[in-house]
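With the hints as a guide, dock the two chains, each given alone in a separate frame, to form the complex.
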Amino acid sequence: MIRLKGITKTYQTGQVSTPVLLGVDLEIAGGEFTAIMGPSGSGKSTLMHIMGLLDRPSGGSYLLDGHEVCDLTDDQLSVLRNRKMGFVFQAFHLLAQATALKNVLLPFVYAGPYPTDAQERGRRALAAVGLEHRLSHRPGELSGGECQRVAIARALVTDPDLIFADEPTGNLDRRSSYEVMAILQGLSAQGKTVVLVTHDSHVSEMCSRVVRLVYGRIESDQRNPSPLSAAAMLAGLPPEQDQP
Amino acid sequence: MSRLGRLWGTALEGVMARRLRSSLAALGLLVGVAAVVVMVAVSLGTRNQMIEQVTALGSDLITVRASKAAPSGIRAATVKEKASLTPADAAALTRLEGVAYAVPGISKAMRVSSQGATVDTLAIASLPEVFAVEGQTAGEGRLFNEREEKSSRRVAVVGATLRRNLVGQASLVGRTIEIRKQPFLVVGELAPKGLDANGQDLDDRVYLPLRSAITRVMAAQRHVEYILVQAEPGLSLNDLAEDIRRILRQRHRLTLPADKDDFRIQTQLEALATQEEYGRLFGALTVGVAGISLLVAGVGIMAVQLIGVRERTPEIGVRRAVGALRRDILAQFLLEAMILGLGGGAAGAALGLGLAALIRPLAGLAFGLPWTYALLSLLVSLAVAVIFGLWPARKAAALTPVEAVTRF
Ligand SMILES: Nc1ncnc2c1ncn2[C@@H]1O[C@H](COP(=O)(O)OP(=O)(O)OP(=O)(O)O)[C@@H](O)[C@H]1O
Ligand SMILES: [Mg+2]
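Residue numbers (the working numbering), protein chains in the order written: chain A, 1 to 244; chain B, 245 to 652.
No lab work stands behind these hints, which were simulated from the structure alone.
Some hints could be false.
Ranges of calculated distance between the beta carbons of each label pair, as one might list FRET restraints [to be verified]:
1) B:Ala547 x A:Pro238: 52 to 60 Å
2) B:Trp635 x A:Asp71: 42 to 50 Å
3) B:Glu555 x A:Asp117: 28 to 36 Å
4) A:Pro113 x B:Glu257: 17 to 25 Å
5) A:Glu68 x B:Leu619: 36 to 44 Å
Just so you know, even glycine gets a beta-carbon here, dropped at the ideal spot from N, CA and C.
The shape of chain B in the complex, shown without the other chains (with noise of 0.2 Å):
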């Protein structure tokens, strides 16, 4: 047995012979490592998703959306807010070269009911246009269509969350749900969609002819909330939200330069770019909490062997009588300190990886355990508990046998 194998050896049972207290002194590290891998699974979680959605949902598309303007001049009382967006307007963007579609749409939570069951939910008015840049297809039945729309057919499709908290797992197609007092003839359900970025149920929704839902639901609003906007490939999408603002002033007589915008224009990656925003923060608050719990960690393990030098001195003395050199006494304290290191740093990992697993469903995030972050951690645990170990260890092996063996 070699003399390392030896000093391994007498710091694991240095280790062992307070559990209780070694324990303690690795926790700190173990909770600190466990919230960080979660932290990071988590939001490389989100971000997959985040990337995922966007391409799914094409980076080509623009969103505009109604928003209160500053008025001015003399049209100052007949701005109303939030409602600035036409059906006409989307129309109008149609015809706009470059733009494959214009959908308007009006999402509003709404109480729906079928057999008695009530529920609330998002319902969501435009054009069948919407399914396609949504990238929703109908998993049973079918979507609605033109005609429907154009006749105001008291027609809907249901997402599966919806159907589910309705009638659980029978069939809506065919049958019709109460939206206010109205009848509404299900004929399609959407495939399922799963969660958005920001933990929203894309299938808790229904989706309504926007005519039909304008005149019988939503008091007949002449408004829409927003435009869906859906470029041709390739086409720069800076000049055609240009081309977009300049048609809705035009539109909505907005003449003058003062005159400010009375909507949004957004595109899918300045959406992202703002997620990416989120992302980079949660980062470095992630980040920022791995340091804290890093060093409150290795406080702690300091804490734990400076006692335990104090508390040893005595057993430092013999060992110093029996031979032992300086930098044995060095190494002995310096490896229970990376044995603590090592054993919180693996024990969090472990833990944060399982916790990771366990939210992966229930939060609907679809990631990858963060396996090479678990590695890191360990490896940052141990890097602490030798560079907070090493005071302690330095201070046992500083003091000399005498010293050592005669203080109590």
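Chain A on its own, in the form it takes in the complex (with noise of 0.2 Å):
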């Protein structure tokens, strides 16, 4: 699904030139559930952000299924992340002003032709995140947890190949964290490929493969034949930490 070769980033301030990513080679097959670890500015933002085209390498080749995307344009790198992508963000990126529902409509506001079923699919994606009963509800209305669950399932509402979500449990607290993890997992076992940066070892342990990065290039890259179950987790806390 994803290869690179050879992918280098350097960031230009001024005179300053900052190589961040300095040679990558990686492959990421369909259905893989995939942790990106390491040291704080090793550059696993960076590396996700390349892969989930919002930003471009400073060279090397992408084949996102066997195309090169270095080549695009951006429109057609829009199109390809409105299509095949869906993004989830430590700090949820959810519009302040918008029910969860209509956050969740988001990437239909730049679908080539608006689907019919728009509503019924928000409906469903955030029924899949468990707040089918928070539809109307704004981000300052819900928790840390709830605000992340919207934000996966806007996420998901198109239902795309592949899932990026960079520290997506960074700001939670752990029960949170695993309902992420849960939902996480339930879209990788329906065969979609998700890509998640997290500096929690708990996390990444709930991951079929573990990548670390250090200094811009890969250190290690290890198989994980059995991960932790998220649901088994959560299913084993202390009932007390249901009240928050």
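So this is what it looks like as structure tokens:
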């Protein structure tokens, strides 16, 4: 699905150039649930932005489904993001003034033809993250965990092949983190390719593959044959944590 | 739903989500457009009335006014300021060919009382022909006549406003009014005329026969202030003005070419031209006010939109992430600016038209509401919004997805 070869990225700020990615080779197959770990500043977010077509590499080649994407125009990249990808950010990035449902429907604003069943699909996406009872709540009226679940619903409403999540549990407590991970594991089980950046080794243990990035290079790349089940972890939490 | 329709919806939500700020951004346009619409309405109204008045008074009217002569030679000591015209001058002008009437007149602010009420008004002392020249008719009673003038009868014709100020709705005809302790019998009341172009109430007046006014209330002065000369139709006013000048110079013994006229001759057309000049000045002022307020309003919209782009950079980022094209972002912010422009412009036009409709009866002006100007300023508002909204919108569209999504 994703094939990166010799990807480099150097930021140029005035006279100062900051090399961030120093040649990354990485293949991610469809259906894999990959965690990218590494110290702060190692280039995890940069790599994810490049894979998510939000940024362009300085060098190297990126084949997405066998097609080189480095040569595509800005508009073509936008269309690919709209059709194929979903994003979850650490800070949720929800529209504060819009309801949960409206937030989830955002990708359809920029879809080619507006799907006739958009509302229904939005509701289903919210139900898939357990928020069918929060359709008309605004982000300010939701907890952090609920906000992140709305963001996940927005990422999956277009039924994309790829989901990118940059520290999706970074702002959440343990229970909410498990809830988010359980949803992402579920998506992975449905065959979606999920790439997740995390600092939390507990979270990475729930992924099927862990890539460690250090100073812009891949230091290790390990398969995890038996990931922890987030749903099981959730069930195993002591009940007093039910009451926040 | 088309993509453009969805973007309109997005822009509308963006404006509504920041109601207070949006209103403030549109306020500049509102005030500017309202001010311009009112100014245009009033200036059109004044201009209409001016033209109406000149046409009513007759464009074939020449006014001769006494003026300070610049004295020269041995007569310098004998020429008194503003004391050059006499009733005899008027009589001489009447004999001039092409002159229908030449009516001498004095107008003076005077205190008039009746049955204990006292008011200040404008007294006009003249001959009965003045009514014909000024197009005045009796609304009640009658006008005074030549016999009454010649025999210095103490009669008066009042305007409606003066009568109202003195006795309210009651009639003054057949009653006496007092001017400088002299009783005058009111023989008639004029048909109302309203305000003139300068906002003067043409009905706040009393007309007195010249002779009795001079002898009884104007300290026996020998001079008049002005002579109204009504030309016969189809005459060259310039030629007539020349004839008048010649006769008056003769009569005033201004024989040397160096002697300056001790009177001024003004035709209605000149008066109209002067008014038109003021009108043009007012028009330029309106355009200036409009320009400045639109500039200020435009800068306001730009500032609000720039702040919006900066503040909403993460929003732009997430929109780009889920597939918004650069031009979608451009359209969103431009449409937001257009909504502000249309909103401010429409509210301003409505307010301006409302104020104009309110002012109309107060100012006694008869003018049509300037609908076309209101519509025009709405379009201009839209244009201003687009022009000043373009830069912020381009800034928003220029952000790369990663720049936008990572900035807080
Ligand atoms: N726009 C930019 N201009 C210059 N340098 C940048 C820019 N964006 C990122 N960097 C630098 O690139 C390096 C990698 O950044 P990146 O955000 O990818 O790190 P990260 O691994 O995600 O770190 P963290 O775990 O803290 O999120 C950092 O040193 C950062 O300062
Ligand atoms: Mg990061």
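Looking back at the numbered hints, which does the structure fail to meet, lowest number first? 2, 5
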